[in-house]
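Residue numbers for the sequence shown follow my numbering, so the first one is 21 and each next one is one higher.
Check before you lean on any hint, since a few could be wrong.
As the list claims (entries may be wrong) - With a cut-off of at most 27 Å between alpha-carbon atoms, the simulated DSS-like pairs for lysine-lysine come out as follows:
no.: 1; residue 1: K61; residue 2: K123
no.: 2; residue 1: K50; residue 2: K62
no.: 3; residue 1: K50; residue 2: K79
no.: 4; residue 1: K62; residue 2: K79
no.: 5; residue 1: K61; residue 2: K50
In short, the hints are calculated from the structure, not lab data.
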Amino acid sequence: MSEIHPLDRLFATIAARRAAGDADRSYTAKLLSQGVEKCAKKFGEEAVETALAAMTGDKAHLASESADALYHLMVLWAAAGVTPDDVYAALRAREGQSGLAEKAARAPK
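All chains, please: the whole structure from these sequences, using the hints.
Take a look at the structure:
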């Protein structure tokens, strides 16, 4: 039996907190109750903090900020109705494809 990936467990926890809906006791439920825009803003803040941590050369700090960014990204997914399986499918669709070619295919013509 394979172990559940930590990111899948995290998303399951986020979904459970959303279902419980107790914004007074759960930071996750509170964020989700504030909507996609708030979740997107918080993810953006965490992404900037992660980038700044990368520039310090402190690997432990980068790992910690990366964990925060991943959590907030998954909260944003939940708020927007996206699941990890949706993201995994998008990643699978890009496998074996040059990143430059993939970007060119998405660029407006």
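Go through the numbered hints given earlier and state which of them the structure violates, listing their numbers in rising order.
3
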